[in-house]
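*Asks:* What follows is the residue order along each chain.
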Amino acid sequence: MIRAAPASAGLLAGEARAAALARLVRALELVLVPAAALLLAAGLFALFLLALGRSPGQFFELVWRGAFASFFSWQNTLQRAAPLILAALCVALPARAGLLVIGGEGALVLGGFTAAAIAIPFLGLLPAPLLLLLMALVATATGAAWIGFAGWLRQARGVNETIATLLLTYIAIATMNFFVEGPLRDPASANKPSTLPIGRETMIGPIPGTEVHWGLAAGLFACFAAWILATRTTTGFALSVVGGNARAALAQGLPVGRLVLLATGLGGAAAGLAGFFEVAAIHGQANASLAAGYGFTAILVSFLARHHPLAIPPVAILFGGLAAAGGLVQRRMGLPDATMLVLQGILFVTLLAAETLRGRLPLSGLAGTSGGSPAR
Amino acid sequence: MSTALAAALATAAHRGAAAALRAPKLEVAGMSKRFGSLQALDKVDLLVRPGTVHALLGENGAGKSTLVKCIMGFYRADEGSVVLDDREVAIASPRDARALGIGMVYQHFTLVPSLTGAENLVIARADTPLVIDWRRERERLEAFLARMPLQVPLDRRAGELAAGEKQKLELLKLLYLDQRFLILDEPTSVLTPDEALEVLGFVRRMAREGAVSVLLITHKFREVQAFADEVTILRRGRRVGGGAVGELSTDTMAALMVGERQTAPGSRGDRAPGPPGPVALELAGLVAEGDRGALALDGVNLEVRAREIVGVAGVSGNGQKELVECLFGQRPLRDGRIFVKGEPFEPTREAFARFALRGLPEQPLENAAVRRLTVAENLALRSFDRPPLARGIWLDRKAIRARAKELIERYRIRPPDPDTPLEFLSGGNVQRTVLARELSEPVEVLVVANPCFGLDFASTADIRAEILAQRDRGAAVLLISEDLDEILELADRILVLSAGKIVHAVERAAADRTAIGRHMAGH
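So the sequences go chain by chain: A and B.
Heads up, the first sequence is in the numbering used here, so the first residue is 1 and it goes up one at a time.
Heads up, the second sequence is in the numbering used here, so the first residue is 1001 and it goes up one at a time.
The hints are simulated quantities; they were obtained by calculation from the structure and are not laboratory data.
Any given hint could turn out to be false.
Said to hold, decoys possible - To give an idea of the interface, some chain A residues facing chain B are shown, with a C-beta separation under 8 Å as derived from the structure: (1) A18; (2) A22; (3) R23; (4) A27; (5) T210; (6) G244; (7) R247; (8) L254; (9) H283; (10) S289; (11) A292.
Said to hold, decoys possible - Beta-carbon label-pair distances, calculated as ranges: (12) B:R1147 with A:A156: 46 to 56 Å; (13) B:I1123 with A:L357: 29 to 39 Å; (14) B:A1509 with A:P255: 38 to 48 Å; (15) A:I163 with B:R1372: 49 to 59 Å; (16) B:R1410 with A:L130: 34 to 44 Å; (17) B:D1155 with A:A190: 31 to 41 Å; (18) B:E1139 with A:I163: 40 to 50 Å; (19) A:L133 with B:R1354: 34 to 44 Å.
Heads up, the beta-carbon is just placed ideally off N, CA and C, and yes, glycines get one too.
Produce the entire structure from the sequences given, and follow the hints as far as they go.
*Replies:* Here it is as structure tokens:
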């Protein structure tokens, strides 16, 4: 990412070198600021634990053990990271076009539900691969339409996409509940209303040699594809123009509305796909477990990754690890379920607060005035 | 702290005897203010006699705002003094001004939209108590309003009031706060003519009764003639004239405001190398709404020929911004058509490329560039999706950087590094980046809006030379500028845009600053 400035000829070389140094400093900041936020969050959370009379040391050790210490815990972690990776793209892709979408949960839930619902009439009629393909297509299309609708509302009607996607999430969950508890309920699901199971033989197996499902591979591939789209294609470039300055994009004749629809549609498709994997690889049917909050944690993931597609998987794995360790922490330390949410909340707040530090760290002084005074 | 306390005490002490307050006299002596290389104010004198309405007249950038901001304590003047009722006062902040009874009504409203009129008046007090006794406040307010010849609904939320009512509420607020020297900054710019009449009539009446003295910033001669007693005219930061309104004709004021021609006619060495070509850009009956929903463009017709610069002069807020936005697709047209070389033009990417229509909009960081993207990326905005910068759907990053390096060198953009985000460049270099992008390929139609606003002399000279060069190469140039000197220097034909219409058209050779100034001011 950081390339040394090529030595341009003549008197400008010095100036170019100074500009390259300034760039290096900014890149350093890109890493240092979130890292500092993570440390601060860890410190604050330690205080929280101390106030509860628990040992922070034990907590961090348990998280390490539960999330990353063994092959088993790694599998657990990756299993949980998979939907986070896909759902985080539902924040990161619209963010490239300057939209703040926080309703990936709705697209995930509805994608999972429609995947399960479309499978019902074809159970036993279609071979498993074909049925899975159909389910995946329906799930992505549903997710794309759901978030794309919010994008359309924003372009055509000026509705704030953040609020719209948040509220659409409630509608999505309620819609699923309506069908799962009503018309599409499997009579055999007595305690937990669910749709008809698609059956073990149809469900996606794990990646060979592991217990991690293929959703992880799909997520990694989707992030890579998103990165290629964003940085290597003309469409990705156009998206970053729209996201950086929509007025300038209009003045350049870019089809801003279409680009916003594309970004929201692709993001929704990724979240829908996450829902598909939850149904096809984990639950085998649609029920309230689909709304497990992955879509909301994914907002945090995308922000911490600064909406960079390649930074999403490692951050998602970090959060997957926290979730995986949750059970262990709960049992060993007698801490309630919500403890992990407290940690997530602290992380989010410190992260947003740290953003204001950008450009103000003392190390900016290194760059001197080489970049000229910022244009304001 | 002590100033605030003093202010609170003063206001409280005065409240009982509000009716007895007299209109103050305010004198400004030798006030100067410099911003970098720009002398915004140059030894300006001003005398506002008690109980009068004093108009401050001048073009945009003449120094009116700087002067009142110095009086209000937003800026600290480099030299000069403010004398209030024969006592020199030091005003270091708007708080000090308020304690001295100097209040200002801004162009934009400062009311809290979700509060009622009454609530807005009460919370504006410097001594608002922690717990508000609304019944007592209400009685006090009603007693106050009973003395006022102007009524506004106190129970409706400020956000629901019409612009004129809001403006009246702003005025009442100042009076309620016992501010007796009122500075009104273009108070009628958002009002209908009837509302303007009522508001200014009220102000004049209050002055006549000896309750207030008023400094009225405006560039409408009509308002000066009808409501002001005296006038001071600024131009380029200097006081260039003034006196009793009755003794100055509109023509005289217009001439003073726009200044004398600084270069003799025809002295410009760079006339177009030949006669203008065929019509390249035609605007036919453009109608568009402004941000507030009122008509900002009301049937604009104009033609620009190849090898010709048409300058559109006008006071800011008369539709210039909207005109440029319509041309660049940032604002929908309600009616009318745009033609380029006789063909209908829609602001799509294909059309911009096909007709080679390029632009230098005002405030490039708002309209023409992306802060977060690098210089190289900003230089590629026009052509990133065409060869040689793209192959099919794939960007050629190498080609983008190579091209950027070439343009950076040719247009002397600093720092000479294609990978620096644009936000780290100075204003002049941002404008150079946009210029390099827009003008490095052949241009047939060029739309330019306030291209040199806020730039230093070197950048200004570069950019003007580039605009002339484009004209000489055969481009049709539409130059929209609030700087009349710029238009007189560059344009071959001059139009005046006023209230969304072209109200005046003149060839450069026959251009008369006084006439242009009068049309600009809405005469």
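*Asks:* Decide, hint by hint, whether the structure agrees.
*Replies:* A quick look at each hint next to the structure:
1. A18: It holds, given that the least Cβ distance between A18 (chain A) and chain B is near 7 Å, below 8 Å.
2. A22: holds, 7 Å
3. R23: Check passed: Cβ of R23 (chain A) comes within 6 Å of chain B, closer than 8 Å.
4. A27: violated, 10 Å
5. T210: violated, 35 Å
6. G244: Since the shortest Cβ distance to chain B is 3 Å, the answer is holds.
7. R247: Cβ of R247 (chain A) sits 5 Å from chain B, so the hint holds.
8. L254: holds, 6 Å
9. H283: violated, 38 Å
10. S289: Given a least distance of 40 Å, the restraint on S289 (chain A) is violated.
11. A292: violated, 34 Å
12. B:R1147 with A:A156: 46 to 56 Å: Because 51 Å falls inside the window, the suggested range holds.
13. B:I1123 with A:L357: 29 to 39 Å: holds, 34 Å
14. B:A1509 with A:P255: 38 to 48 Å: The hint (38 to 48 Å, Cβ to Cβ) holds, given that A1509 (chain B) and P255 (chain A) are roughly 44 Å apart.
15. A:I163 with B:R1372: 49 to 59 Å: violated, 24 Å
16. B:R1410 with A:L130: 34 to 44 Å: violated, 59 Å
17. B:D1155 with A:A190: 31 to 41 Å: violated, 59 Å
18. B:E1139 with A:I163: 40 to 50 Å: holds, 42 Å
19. A:L133 with B:R1354: 34 to 44 Å: Hint holds: Cβ distance 43 Å, inside 34 to 44 Å.
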